[in-house]
Amino acid sequence: MDKMKIINKRYIALLCSAALVVGAGCSSSFLDEEDPSNIAPETFFKTPEDAETAVRGAYENFRFHGDGAGIFSANFQMLDALSGTAETETGQNSDLNNLYSYQYTGDNLHLQQWWQQCYEGIANANLSIERIPAIPAITEADALKWIGQAKFLRAFYYFWVVQLWGDVPLLTRPIYAWNDADVNAVRTSTQQVYDLIVKDLTDAEAAGFSDTDGTGLASKIAVKSLLAKVYLTMAGYPLSKGASYYQLAADKAKEVVDYSVANPSKVGLFTSYDDLHDPAKRNQMENIFQIQYSPGIANANYQTFFLPNNTNITASGEVGTTVPTTGFLATYEAGDKRTMEKGFYFKQYYLDGGTGAPTTLNRFYIYKHFDVIANGRAAIGDQPAIVGTGNSGLNYPLILFSDVLLTYAEAQNELGLNAGAYAGLKLIRDRAGLTTPDIGTFNQSSFRTAVWAERWHELSYVGITWFDMIRLRKVYDVASKTFVDFLGAEVNGAVLQEKHYLLPLPAADYRNNPNLAPNNPGW
Amino acid sequence: MQITLPKLLKFMSQQCLMIIILQVMSMQLLIAEHVVGQNLKTTKVTAKIQRKRIEEIFKVIEKKTDYVFVFPSEVKDEDDTYSFNFANESLDNVLRRLRQASRLKFQVIDYTITAAADPTAAPKPVSIRKEVPAAIRVSGTITDAGDNARLPGVNILVKGTTLGTSTDGNGAYTLDVPDESAVLVYSFIGYQSREITVGTQTVIDVAMEQDVTSLQEIVVVGYGTQKKSDLTGSVGTVKAEDIQERQLPSVSQALAGRVAGVNVSVNSGRPGGQSNVRIRGFSSISTSNNPLYVVDGVIMPVGTQTDGSYSLNNAIDNINPADIASMEILKDASATAIYGARGANGVILITTKRGSTSGSKISYDMQLSVPTIGPNRVEMLDAQQFLDVEQLGWDNIKYYDAAGWNPTGGPNGTGSHSSGREDPQDSRSKMGPGAGIYALFDANGNPLYNTDWFKESTQNKLSQNHQLSVTGGNADNSYGVYLGFRDDNGLLLNSFMKRYSGRFVMDSQVKSWLKIGGSLGYNYQEENIVDFGTGGLNSVRMITEALPILPVKYSNGIYSHNKNYSPSIEGGRNPVDQLLNNTYNLISRTTLGNMYANIKLAEGLELRSTVGLNILERERQRYDSRPAPQTPTYVNSPNERGTARLRSERETFWSFENYLTYTKRFADIHALTAMVGQSAQETNIFWFQQSSRNFISDFFQVNNMGAAQDFAVDSPPVSSGKARFAFSSYFGRINYGLKDKYLVTVTGRFDGSSKFGAANKYAFFPSAALAWRISEEPFLKGNRVLSNLKLRTSYGLTGNSEISTYSALPTLRIVTSVFSNSRVSGVATNRLGNPDLKWEKTAQSDIGLEIGLFQNRIAIEADVYYRRTTDMLLSAPLPVTSGYGTITRNVGTMENKGLEFTVTTTNVENNDFSWRTTFNISMNRNKVLKLANPAPIFGVGNPNFTNQTGVIMEGQPVGSFWGLNRLGTWGSDEAAEAAKFGVNTYRGTNKPLLPGDVKYLDVDGNYAINDNDRMIIGNGNPKSYGSFINNLQYKAFDLVLDLQYSYGNDVLNMTMHSGEDRTGLANSYASVLNAWTETNEGGEIAAVRDSKAGYVSNVDTHWIEDGSFLRGRNLVVGYTLPSNVVERIHLSRARVYVSTQNFFLATKFSGNDPEVSTYTNPFAQGQTFFDYPKPTTYMFGISVGL
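So the sequence lines, in the order shown, correspond to chains B and C.
Using this note's numbering, read the first sequence as starting at 1 and increasing by one per residue.
Using this note's numbering, read the second sequence as starting at 10001 and increasing by one per residue.
Derived from the structure by calculation, the hints contain no laboratory data.
All figures in this text were calculated on a predicted structure; none of them were measured in a lab.
Virtual Cβ for every residue (Gly too), placed ideally from N, Cα, C.
Heads up, a few of these hints could be off.
[Stated by the list, open to error] Computed cross-link-like contacts, DSS-like style, restricted to lysine-lysine with a CA-CA straight-line distance of at most 30 Å:
1. B:Lys337 / B:Lys368
2. C:Lys10980 / B:Lys474
3. C:Lys10511 / C:Lys10498
4. B:Lys254 / B:Lys474
5. B:Lys241 / B:Lys474
6. C:Lys10227 / C:Lys10553
7. B:Lys342 / B:Lys368
8. C:Lys10722 / B:Lys46
9. C:Lys10741 / C:Lys10239
10. B:Lys337 / B:Lys481
11. B:Lys347 / C:Lys10980
12. C:Lys10048 / C:Lys10059
13. B:Lys481 / B:Lys342
14. B:Lys342 / B:Lys266
15. B:Lys499 / C:Lys10980
16. C:Lys10044 / C:Lys10741
17. C:Lys10553 / C:Lys10461
18. C:Lys10064 / B:Lys347
19. C:Lys10553 / B:Lys481
20. C:Lys10741 / B:Lys342
21. C:Lys10461 / B:Lys481
22. C:Lys10227 / C:Lys10044
23. C:Lys10897 / C:Lys10239
24. C:Lys10739 / C:Lys10044
[As the list claims (entries may be wrong)] Chain C is faced by these chain B residues, among others (derived, beta-carbon under 10 Å):
25. Ile135
26. Ile313
27. Ile439
[Stated by the list, open to error] One side of the interface only, derived from the structure: several residues of chain B facing chain C at Cβ under 8 Å:
28. Pro36
29. Asn38
30. Arg56
31. Glu89
32. Trp160
33. Asp352
34. Thr355
35. Pro358
36. Ala419
Kindly generate the complete structure, drawing on both the sequences and the hints.
Here you go:
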């Protein structure tokens, strides 16, 4: 019996030892890992369609624009706040307040998120640009097209970054390792950044895009329009390239204008201001390039910030943190359709979440971005009431044909006022129901300020005005309705200084990347 | 005192502290010899026995050894005779041979060997009762002097004879003694022996005192057990009776305050609500700081289960606390290093209750309880106060937003504001009697309602808890069935937690060399989390923000809504509407099982093999119902017509562990235990979720999600994910004791984890510890005052691996792009790879001192420690120009140092009255020594509220709050200075600072308040914390008074944002009545003005409150029914008690409770933004045994 036990024991000991060994033997593959829910860069980029998929990823970054920046605010509001044409109805977001009052620092959340999100877009574009050529079986035309799309996006993001911060790190390839030397990137001169932007856009122009694109991809017209804006900006501050770049800007803008003349059903001004914020008019005519939203899929959450604070006139949230200043609204000429009810602005709507009795608000709010489908509307005449969905899918415009017209008018005027330049200005004013003095009554200087003023009035609250201010180093003084120098200009009580030409570098990166020092002048 | 080990083991079993079953068995049965103590082995017997009866053989052995035999009369084996030739045989061998021959078994207690019939022996008539001529028959009952529980198995011996017996299952005995001079010796492991002269007594009931020498406790350590006296590490123990005292739904709550160095913050009053457990501070910045839980050797999932920013519960919260026999908290590196890479946050070992080794037992516990509003509550404005404040806010618009004020606007020409905010008088006039059912004011403009929303939102509903256990078996085979049902109704309406639990345990000594056993438990738990939706206008927030002038419901049954009063009021459904009509059911199903086999391979050498399994299935069923209409004619938009969300997760864990233990004592002075083992563990996780919206009715909830009309709720509307991680480990430990005085422990674990980079899968975690039992030295031994003195010290490394799976791998992510107004998938950069990713290591040194005075009536344990975490795993910020925000890297160093002190005293101890006190205090100081980058880290470990709420900064402790310094308010005499801030201020454009505005410290003196003026303004971690617990017993009555305290912890009370900074949008705290006015200057609260007139809200020092508190955590009064009453109802014991939990709270904190945290982020302790209020609970309980 004892013997049996010993045998048993030995047998079991053997078994257990075997188990130990097996356990150990398994362990080499036992600890391997592969993420089953996320694809690795090395396993992607295998089929021709992957090129398009990667480019779409870089498009998605645009939506940061409407994403939140603390309580009651979104990133895009930074540009409107700095323009001096807006104010807020609630003081609860101190980052936003500090933008309105020009008391921001590098810690400002909006500013940090602009920086980060633009560079994420650039990283995604770089990934496509590097990887697409190596995709097996991709046609040359497809590769050219999708790389061109990625370059357009890269140029777009860099254009934002360089205007806001000046000399910035210029990354042109993706980073795969955290100890890559480019993680602590050095700053590159503004000139070199613009060189890349121009190069990328020139490449994109030749990449075989369709003339216009209803799906939301960049079209050839979009590339040319952006290039015209880039040249115009390069002509002004800080590069001050002057005439040759006004020429480039005028030429490029004119290509778009000429296309519009030849294809009036594809590119041109909308006849009604309502079309500017009609979801059905996405990616067409005046909307040359937009941030793409779709209700329920990618909601246009920016909507709420334009709506009057807690008035219960819509089915959307009503935050009222970008509200036109009465001073700016007063600068529009009398009879301007844009300032008439539900032109660019509104003060009448409906109670009970948008479908009830009419009500008149105490001031005007922005109607340019008003999504009737999301916000709702009472019955008007034989038009039935629309119960608001609360979900907006309204695209946000990044390039407008009106901007191209005025770009052409401004650039051409610097070279010599001509009929084409005059026509551009007049188209805009005609739509606003304004009379425009004859071309002969203008000289270069008066036409210049007329175009500038038109830019302020036509391109209000679409993120353009601040870039005009720093490009021209001029501020539209709402009291005198004249343009005054940026330096020393008083905007909403604050006096602009030299440091305001550029934003301070975002604090986290500035502290974490020793190569970024020194900060922008004055910060 | 070498016989103390078996004595002790018996004590353990009596206390349900059965740990390693083998050892318990071997104590019971001599046959499993190796644990029984060296004496049986070292005592040699040489004797030649020729046909002697068993009693005579005993006498022979008694003469040759120090042992005495007890031979209960009923098992006397009078006829059989035996022959043996013992040649220098060890006593245990002798007993084994006797057992085989006689069919008796033996129990050894001290130097007493009790014989008993062996039921497992072959059916041979071996027991024939022999009548002994006896003068007196004595009977009686033996009870525990502490809890009056009857004690089975107590040995009773007539001194100087072999006459004796032991008590039966009910603690009763009967024994015939020769004469009145007989002295009965009552002995039982874990109790002080008693001697009683029979005299004229025929009934002798004895209440036995527990042996307070807690030194001899056995404690569970990783992969083994140790005598407490042999411990070299810092280990705290919580026993079943401590858990029983509190009757709380979660393990972590049961743990609170029991062990120094273990900080349990119970941060929610929700039944089973969220708590944070921190052992000796923080070891990590971005990975989990939760301890590792090991239940019967099965490791539970670590990490916090969250839903976005909302805490759910940890896997451990799904364990029924009533199933727990003991919890051991391993604190220092010597104790935790055996868990290597997972030990850095401390380890909590949970041993569940096992079967019975001494016959069948049934026990039943029941509690009924009712929650009521807790000791402190925040006060809101009542109806009239709200109206006054609103009016004041309107009146002040003209001062605080002069630019937006039109003095002649408005319907009455009394002035208007650019925002369209109307004169409250106008809103009120619209809501007068003319509004019919919806009227809020009478004809005179007085409010019709004055609703206390806190009161309306609470319920005092009966909760019940039933625990039934049936255990049975004998020394060889035992089983237990544990059933539980718990139905907790929380303080807030509709809030509940139900738990059904069942568990079966079995242990069997199959062969003398093989023991197997296991347990299988299943828990079903369902909770309605009524306070979900943190940050939004959720139920707990609306208790503060709902307007007191509104009714709960109108007479037509429609719920009120804040917008009913005026469109200017921010929305928000009233809390009662939310509580009753929204649901968030969290259903958890936990299957926890393990099987083990103990195989004795040779003398002192044992192999234990364990298979563990833990399957956690969790389902979240969330339904947001239609809100009440904002106006009588309001039509809900499609996205307000019901939203259903369903999420299902399955987490499957298995482990397979094998370890060999070798125990040997050499030359009587060297004690060696060596253990070596291997472990493999794997976890697989899969989850999916879906959502839909716009239902024709609120009827369906999540039960017919296809009935919805809209499936584009979340983007994407369906999602799923899968992850796997695995560990492969080898470990070993050597315990060596010299003369039981000088103790050494050396531990090492070689751990491999799949989560790390290819080059760094494995790492080694060693530790070493020394202890010196000074009281065993000759110069102290037998000292009357100093009964125990031990000095121990340890050093070791442990790790933390709780980072997300796949952090070492570079991946792309799928993003939702939109083209042509529809969804198309894109890929985007997601994560940088880090092949160098490795363990986070914490080096810890500890010095501990244990002192026992007056036979340990005063026991003191003190520890100081220093922990230094290096290679800290951190989602380290990268320069974002790289395209990546963070990289999981091993960077950074952090230290914790602290002091723990526990004193336990037996103040009074006699038959009728005893009083024991436990006091503990812990102090921990934390500091971040080094980070990846010099920049302070925001947004990691802390929520972002209106601003960043916390910061991680070199040289500063984690848990530091970040904000502005509010100096007070600008006074009338400071108008000129305030004006220097210009017209554009932090209040907004054209809003200059005026008297009555908040005055912040302008650190850089540039007359602008911005991020440069923010600083560290507080810390959520206490300077010290602990408990003061008193246990009193007077005759059949017992009383527990359990006090908890915390000192020096700040609370960042972000509810002030709602309560003070939103006048005109919602209801406010009553504190705004003390806001700045021209006649009440100097306060901290700015002059009331409508929020549209520039009312700033910043995280600042005004929101920081002293969160120190003293809480009456638990008060229990119990009564144990006398045995004659109990017997009459055929029970073995019965106790009834009443208790109240959270019955008082002394604090300066202005909110409901300063022990609070709303957020899941690791350093968000003390950051509150509306939490489930903690109730005061009254309870009645019964505990009976059969």
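Comparing the hints with the structure gives:
no., hint, verdict
1, B:Lys337 / B:Lys368, "holds, 13 Å"
2, C:Lys10980 / B:Lys474, "holds, 27 Å"
3, C:Lys10511 / C:Lys10498, "violated, 42 Å"
4, B:Lys254 / B:Lys474, "holds, 25 Å"
5, B:Lys241 / B:Lys474, "holds, 17 Å"
6, C:Lys10227 / C:Lys10553, "violated, 64 Å"
7, B:Lys342 / B:Lys368, "holds, 8 Å"
8, C:Lys10722 / B:Lys46, "holds, 23 Å"
9, C:Lys10741 / C:Lys10239, "holds, 27 Å"
10, B:Lys337 / B:Lys481, "holds, 19 Å"
11, B:Lys347 / C:Lys10980, "violated, 35 Å"
12, C:Lys10048 / C:Lys10059, "holds, 13 Å"
13, B:Lys481 / B:Lys342, "holds, 23 Å"
14, B:Lys342 / B:Lys266, "holds, 25 Å"
15, B:Lys499 / C:Lys10980, "holds, 21 Å"
16, C:Lys10044 / C:Lys10741, "holds, 26 Å"
17, C:Lys10553 / C:Lys10461, "holds, 21 Å"
18, C:Lys10064 / B:Lys347, "violated, 110 Å"
19, C:Lys10553 / B:Lys481, "violated, 55 Å"
20, C:Lys10741 / B:Lys342, "violated, 91 Å"
21, C:Lys10461 / B:Lys481, "violated, 69 Å"
22, C:Lys10227 / C:Lys10044, "holds, 26 Å"
23, C:Lys10897 / C:Lys10239, "holds, 27 Å"
24, C:Lys10739 / C:Lys10044, "holds, 21 Å"
25, Ile135, "violated, 13 Å"
26, Ile313, "holds, 8 Å"
27, Ile439, "violated, 39 Å"
28, Pro36, "holds, 5 Å"
29, Asn38, "holds, 4 Å"
30, Arg56, "holds, 3 Å"
31, Glu89, "holds, 5 Å"
32, Trp160, "violated, 14 Å"
33, Asp352, "holds, 5 Å"
34, Thr355, "holds, 6 Å"
35, Pro358, "violated, 14 Å"
36, Ala419, "violated, 38 Å"
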